[in-house]
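Engineer: Throw the hints in and build the complete structure from the sequences for me.
If you read the sequences in order, they're chains Z and H. Under this note's numbering, the residues of the first sequence are numbered 885 to 987, in order. Under this note's numbering, the residues of the second sequence are numbered 36 to 375, in order.
Simulated from the structure, these hints should not be mistaken for lab results. Using N, Cα and C, we set each Cβ at its ideal position, and we do this for glycine too. Check the hints yourself; a few may be wrong.
[Said to hold, decoys possible] Computed cross-link-like contacts, BS3-like style, restricted to lysine-lysine with a CA-CA straight-line distance of at most 25 Å: (1) H/K313 / Z/K898; (2) H/K327 / H/K108; (3) H/K282 / Z/K910; (4) Z/K903 / H/K313; (5) H/K108 / Z/K906.
[As the list claims (entries may be wrong)] For each label pair, taking beta carbons as the anchor points, the in silico distance ranges come out as: (6) H/P276 / Z/A919: 22 to 28 Å; (7) Z/P912 / H/T338: 35 to 41 Å; (8) Z/Q941 / H/A307: 37 to 43 Å; (9) Z/A919 / H/T338: 48 to 54 Å.
[What the hints assert, rightly or not] Not everything, but these chain H residues come out facing chain Z in the computed CB check (under 7 Å): (10) R106; (11) P198; (12) D223; (13) D226.
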Amino acid sequence: MNDFNNDLVIAQYKDAIDKLEKYQAKEPDRPKRMAASRLISELRIQIREAAWDSIVQRTAALETLKAELLVITENASNVPAVSGAVAEISAIISQVSDIVKDH
Amino acid sequence: MKRRSKYSPLLLGFLIIMLACSQIPKQEFGNYVNNFNSAKSTTEDIILTVKLIAEKDYDGSHEQQVALEQRLKSLDARLAALDLISKYNEALVKLASGTDPEAVQGNLENLSEGLLSFGSTSINTLVSNVAPYGEIFAQAVAVIESAIKAKKFREAIDAAYKPIQGIIEILIQDANDLFEIQNQMLGDQLDPKRDRIIDLRFEFQDFVNTLTPDGTVENAISDFNEVLNTMQVNPDKLPDPIVHLPKSSRSPTGNDYSVLTLLIYNTTEQIAGFNSLKEQMKAIEIVKIEYKKVLVATSQAFTQINFAIQNKQRTLPIDFAVDVLNLRKAYIQLQESKQK
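Structural biologist: Put into structure tokens, the structure is as follows:
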């Protein structure tokens, strides 16, 4: 099965946020801090987009598996029982039938 | 006088043995089903939470509308997948328990229809003559149907096993993304608070540097640093503590003390809000870990039950309950952290 994920990209974005947060904590210049904040905000959006992208991409694989399963389920309900089972069950039914008739 | 069949005692004995064999540890199966449903419900909540986030994140643009539809559709596919997993679990449990409780409780007509689908027509006669042995017969038919079902579905269950495991695998892969989306949304709320705390720290520093030191000022600095230290961040992200570097010889007045007190108060408030969001992020992380564990446990439970069915054994995954309980606990703690 294909493995769709943007984990590496997300990890890089998160690493960038981490560095910007460290920088902000020590930076005395407010405009510089605000510029870092805008970057962080943009990176958070990118992380969400990457995460959504992974989910959406995986959906196709999910739909395939779902379809596969539905075919199996559908086939299962149409498959006749194995002959041995039918014979076994018929014998039991016949015996039960005898009891019922006797009473 | 009616003739008694020579087979009657033998057959009744056989039926009793069959019924005894089909006696299931109902409590255990009941617990397992309850735990499974609890896990399903929590998983649905997690997916629905992310659905709400998708809607909140929508900015009204046409481009975003397409993305939103795609995202909602993807999440709906997950909910549908959960439903399939649940149905599969139902089939597993019925087969593993050796009987179908619904079939036992259901009416004979339905049972006969089930049996008729296997090509037996004699059941119609049985149904119309069932009165004297109604109860025994009902149980017998249930056992029979169960046996038929076991013969019929064992292979189907085995065939369905792989796609189901594939679906669970996709849900496991989704976990990081589902929780990342939630975390980043909280990050959006967290950032302005952190910005404000750092602003306050520099404001405090600048203001205190205009004052000559005295006991009250030194106490205020100490209080401020103490408050700053309660910020839930890694030490390397913590703003530097205030160090008094007076740049004038102005003696502090009552108003100056009030300003210092106000700055401490505002910083305390901001840090409380910041920490509360951090707690939520931590709680989300714990839910993520437990959620993944439950998905893995579900996959293992299916393997275990399917193996038991294929090998005609009786077994139930005991550890599953612990994982589900931990997920439930973590999820409740997350809800509580949101209310703080």
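Engineer: Each hint needs a verdict: does it hold in this structure or not?
Structural biologist: Right, here's what the structure says about each hint:
As the CA atoms of H/K313 and Z/K898 are separated by approximately 16 Å, the hinted pair is consistent with the 25 Å bound. Simply put, H/K327 and H/K108 have alpha-carbon atoms about 22 Å apart, close enough for the 25 Å limit, and the pair holds. The straight-line distance between the Cα atoms of H/K282 and Z/K910 is roughly 20 Å, inside the 25 Å bound, and the hint therefore holds. Distance hint between Z/K903 and H/K313 is fulfilled; the C-alpha atoms sit about 18 Å from each other, no more than 25 Å.
Annotation: proposed proximity of H/K108 to Z/K906 is violated, straight-line Cα distance about 38 Å (limit 25 Å). Against the hinted window of 22 to 28 Å, the Cβ-Cβ separation of H/P276 and Z/A919 comes to about 25 Å, which satisfies the hint. A beta carbon spacing of about 59 Å between Z/P912 and H/T338 contradicts the range 35 to 41 Å that was offered as a hint. Between Z/Q941 and H/A307 the CB atoms are about 40 Å apart, so this pair conforms to the stated range of 37 to 43 Å.
For Z/A919 and H/T338, the Cβ-Cβ distance of about 53 Å falls inside the hinted range of 48 to 54 Å, so the restraint holds. The beta carbon of H/R106 comes within 6 Å of a beta carbon in chain Z, closer than 7 Å, and the hint placing it at the interface holds. A distance limit of 7 Å between C-beta atoms decides the matter here; for H/P198 the minimum to chain Z is near 4 Å, and the interface restraint holds. With its C-beta approaching chain Z no nearer than about 6 Å, H/D223 sits inside the 7 Å limit, and its interface hint holds.
With its C-beta approaching chain Z no nearer than about 6 Å, H/D226 sits inside the 7 Å limit, and its interface hint holds.
This entry does not satisfy hints 5, 7, going by the numbered hints stated previously.
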